[in-house]
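Chains A and B, in that order, give the protein sequences. Start counting the first sequence at 1; every next residue gets the next number (our numbering). Start counting the second sequence at 1001; every next residue gets the next number (our numbering).
Simulated from the structure, these hints should not be mistaken for laboratory data. No false leads were slipped in.
Calculated cross-link-like contacts (lysine to aspartate or glutamate; reagent style DMTMM-like; alpha-carbon spacing at most 25 Å):
hint, chain 1, residue 1, chain 2, residue 2
1, A, Lys447, B, Asp1202
2, A, Lys447, B, Glu1212
3, A, Lys281, B, Glu1145
4, A, Lys92, B, Glu1312
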Amino acid sequence: MMLDPIKKTEWSRDRAALLLSRACFGCCPREAEAAGKAGLEATLDGLFRDDDAADLFPVPENVADPAAFADLRKKAGGPGKNGDPEAEAARKKLREEEAAALRSLRAWWLQRMRYAPQPLRENLALFWHGHFATSVEKVRGTHIIWKQNELFRSLGLGSLGDLARAVARDPAMMRYLDVAGSKRAMPNENFAREVMELFLLGEGHYSERDIKEAARAFTGFRIDPETMEAQFIPRQHDDGEKTVLGRTGRFGPDEIVDILIGQPECARFIAGKLWVYFVGKPLPETELAELAAGFRASGCRIAPTVRRILSSEGFYASRGTQIKSPVQWLVGSAKALEFPLEGNQAQQVALRDLGQDLFAPPNVKGWEGGRSWISSSTLLARCNLAGSLFVSKLAEPEKLFAGAELADPSALCASAQRRLLVEPAAPASREAFAEVVASGGSPVSRKMISYLLRLVMSAPEYQIT
Amino acid sequence: MNFHTRRRFLRTTFLGGATALTVPAFLERTFGALDLAAASSSSAPTGRDHPILVILQLAGGNDGLNTLIPYAEDPYYAARPKIAVRDPLKIDGRFGLHPKLASLRGLFDDGCAAMVHGVGYPNPNRSHFRSTDIWQTATDSDKYERRGWVGRYFDACCSGEDPTTGVAIGKVEPLAFASSHPRAIAFNDPGKLRFDASASADPKAMDAAFREMSDEADSGGAQIGMLPGAAGGGDESPADFLRRASLDAQLGSDKIREVTAKFRTSAEFPKSSVGRSLELVSRLIAGSMPTRVYYVSQGGYDTHSGQIGTHERLLAELDAALGAFVAEMKAQKNFDRVTLMTFSEFGRRVAENASGGTDHGAAAPVILLGGGVVPGLHGKPPSLTDLQAGDLVHTCDFRSVYATVLDRRLGAPSKEILGRAFPHVLSGGKPIIS
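Bound conformation, chain B alone (with noise of 0.2 Å):
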């Protein structure tokens, strides 16, 4: 093995399948021996049991008033004239759904959806990004950060640089993935994730070309440690980062093509784009990825002017797609190590604007569906008359539902990765995942 390959091999002893495409068997297990870090790291997910967490962006700010509906209020009715929902789906003496979320309405039934009321942060901020920002990084309203929580899960609970431990479908990685050891790989299509050498008279040399150019001409002593992925973060050059990219994308995309190549789903998706992100989430599942979070975005909440069909359309595509996404868990029978959690930016101001849609607000709810998750509503209900500027006073700290989750579902201390120790959301005082 020539130094060249040395770096690449390195990263590729966490990579499982890619590995074989790359490098002969024997050289693994003789490599993978000799490199102590390497090896101490190799305690990679074998991708069968681990738990998955999968984070649903509903972007643009959704009405959460209008997704999860106070019926029995009439101050809900006096401040939307026009655009109040009038036909919900109850679920109890005082909340219903929205009468397209019939699937999800379902999953109450069924045991396994739940919904936190109120969910938001002190201070909010009303801008899209900033808000997206502070959710992605979980931090205070008037703190930057510059990794991620996922990320920050990532690099306390995650050793190995496996580059496909988050997997984000969609053009970018986001934010909330920002570690200090990138670690995330972001693609819509499988199928056009590699480089296409078909072209040329010799595919295999110009693959192989293609491929050295991202190995970096080290001193031949590397440790896992000198790699440029694991120097990592902000100070890396844009020449290494590229280097590091190329290869990361090289290797991911061995893995990913190799599993949605043999993996279907049995449960029928929507088209929509949501629809498509979550099946191809369940066939990445399906093959066993070693991936701890996945993330998709359904855009297009916004809802300035004109809501109400807008609303009803997303909220139709993002019903079927979760309705589909939990058939297809069950039937994988990984339903009970997946957990999904939805967020949006902010929810929407209580009265209606005169366009008939709504401005930016505040606090909104969380749906959760997962085998571990406690069914029902929970936390406190926000008022509809004790507002802050005309929004929603939040009842429930958004970083409580993160720590739920890092706690009991991904096993990870949520005090370190969130800075402080969050209080877990509560039902009948137990924490609302199992």
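Just chain A, with the same shape it has in the complex (with noise of 0.2 Å):
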């Protein structure tokens, strides 16, 4: 029942902002209205086109060249060079330089997320980033960290199997997880450990000598100073005889994820995750089972599972029940206002402030999502930035009104609701709305206006979806 489509005499305005608001990260009115009238077929033809969009979005140069630091790294030495004044002023440059280069990164995909013509690429992309977390904290390099982005952009849709094979050999999380160096005589775990627990299989599916053994599968690579790309060091792997989960061989680290995903708890396990990510609420046993099934006979192809979920009835069942994110926050309060999102300081600086800095997840297990975006601090920090990110900016928001409801309080109110809300506003806020306009006399002022954008943006309702 809850997988199954809806039928197309349910398809509607709301229910496609609904999807446009999880799949997309939001939507202006003319778009709700577009796609409502499309049907759900045509729309997730849209959201689903293979279209490539790079020339659009021109990456920024500090980031795409990967010796673009070398010169200042080299000067900055290692930790051998402590108290050596150039190589201090060194390190500083580099910090500085590394700084610039990750807010050009982070404006360079918020500018994606408002205006790439596949937003539903980009927000794979920022699933498989939560998914597979890993922190430029630790990372250090914009570049490789970019390079982790774009693969999340170019697989995160397609076969789990190229995405996570890729991932094992990606620069920036073999730092993260310390594949980068990790040695036949003395193999670091903690990339075995996390593909099992937190990538591939859940807690439980695996044991501590699954992780011993797979450990030594990842052994032999370092990242190249001059490319930045992954390097075998045959020497340094440990190419012996393997037991992971059952299976003995001279396994290495593509061998070990096709085992990893060779288990039925995967397929569950990034399913239900999957689920989780657009619909709120865990999927129950008997249905997840059934999605599951559906992922695995598919060869664990991302994308028709993730069109099921947004064809389901379960999904449009599950209005009002999503917790925002910050960034589906950020991004879609500037698609509903029709407001420039240009990635500026003051938009990422919102971001780190809600509990979602781009790049910088807060630990290997990715943003916890749901209830825990919501703290006394984040949630009023939501309601102000809403005023000062975006309302206070708008020079003309009569403009996103028509001239029948500037001369109608209740219709104004009414029109700023369905632009903003995907839940209906309960009494309690809709009085609220019906005062601050009515406070303001008729007609109603651009300052009334402004209030009640803000006033609408600051309610419980406009933080779900």
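Hints in hand, dock the two standalone chains.
Written as structure tokens, this is what we have:
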């Protein structure tokens, strides 16, 4: 039932708004209307279209070039250069340059989320960023973090096997979980543990021994300091026999990943997590088994499973049960208000304050999501940022409304809610909106329109979708 | 009073100062007397005399062996040829503190610091997240629990609905605080903890409208038990959850801003993140918040590579912050009712790795500071040679430390909260908290 596709007759403008809110970070009223008219299948076809939009979003130069800071890095030297004033100066400069590069990378991604013709692809990149969580705080190197982001973008809707094998040799991941530099004499277990616990199986479906054995397979890699690519050092690699999850052989990284993906738990784990990402609440056991079976039968291809989720009755029945992530909140606010989002410093700081610093998840488990997005401080910050980032910067808020709406306070309230809310407002919120508009007299002034927008965006209902 | 304000009112009756900001005093008395449920719950703490627990998380897995160093033991140096600490601040004939922990060493001399050796749990889990969850929920390592151990203490012992019963300095509430009736608040900067209506023509009206949105149009016959906050838990709808979160944010922030605006510390705190957190906690304690448990965290202890410099810096920051906190609590004359306890999800492997770091391990020492703490090193040090998969075997279950704190400091029934009885940590036959 939950996984059955909704009937054609059940498709509507409001359902389209829910789909675009969850799959594409949000939409403006025109997009919701258009998708409502186009129908579910045509809308989904559009979301899954495989256009290359790369040329619309040129990668910042200081990010794209692996050798951008090679000279500085050399001058900064290793720990042996502690106290050397020239090395100290180079280190300081390097920190500043890397920070600037990271800011331009964040701006670049936020612009893609806001403007890319395939926002679903960006959303999947965000999903995998949270799943294969990697933080620049440890990785130190914007270039390799960007390369990882491109990996999530290009493979994020493809096959899980391709994606996971690529992640195992991704320089940013290798550095984050200490694969880089792990040697046969003393294998580092960090990646081997997380690839089972957090990335592909979930806790309880492997043993400590499996981790120790798999860690041997991931030895012998380092990051080439010139190209910043993964490099295999055969003499550091343990090519002996390993036994992992009941299978024995002289496994390397690819074979280990394939063994993990072959476990039935893997499909359940990934399909269940995709469901939660798009729907909010976990899928009940029977339906999860069904969704996982479909995922497995497709060769663990991600797009068909995501499409199934986004077509399902369960998805559309779940309106109002998902708490928006900070990224959804920020990009969605810009979309709903038809407001430019260049990913500037204030917007980046906002994401950090709301608890979702891009490229810096709190730990290898990624962002916990759901109710954990909301604390007293992040909730108040959302309400305040609605004003300072968006509403106060709208030069002509009246342009968001039709002339007739501006003349009629109740029509104005209704229109603002239709534009901003996926979940209808409760009576207490509606009364607050009406009171604010009424307090300004008629016709409604520009100022009052701003207050109304700010208040709707501060409503409890605006935080959910 | 219309029915919207009723719910707000019921929640504010537990909030002391915040009440005055939102409801006239005569209404407070009248309404409080009318509502028996509210009245009986107002046995809420006054903020001036109840015991306070401060939990300090050393996130990432602190290397216990390089914090409390078994300097007299050869296997220690053998396992750590590169990273062994060779100049510890000796406490007794066998153990000494990392040289960066000079203030803490002084607190041992002053008789107000203790450490418990080898704290851990059976079948240790070496995942950061799982092991942190185990410490926060105080369960057996193969059991999952939705409520945290502090949350269960709130449920059992802190009646009323004060949303500041637990205060976490940080962006998210720790799992330890999760309870069936949410009563905790998390924030970094008290100044930002408010709805900013200053840009509007009529800030008061805007603020009132904002506050109105989190009120519920309930039937008017509300009782405490029917409030969404009391219904609580995981069954609450996301919309109700957000309304309650919004209301609690408003009421909690009113109170916290009032207190932090009024109270400053006399001790100088370091500017590190953990220093600022403990300074903020000190000001809230000075302001007699009804808070029972504070939670602060210091991150970065996951020292898989190049450990020496990182660990030195972390311990130096920790040491300066602890020194300032103790000085401040003494100056406030609150030291006797405050207990600070550290924890880390695990210690680290006995042997160093090839990257000059250490991988995830098991047991590690816990630091306790406070007026009632019996000073010194307690418990049995774990063996450095009789290891389990390369890790220390714990000699003290972490729940014994919790039980000692709950029973001896918070006056809470540890057996009920922890699910079974755990023996207190003893020194000379007596509990280490007097």
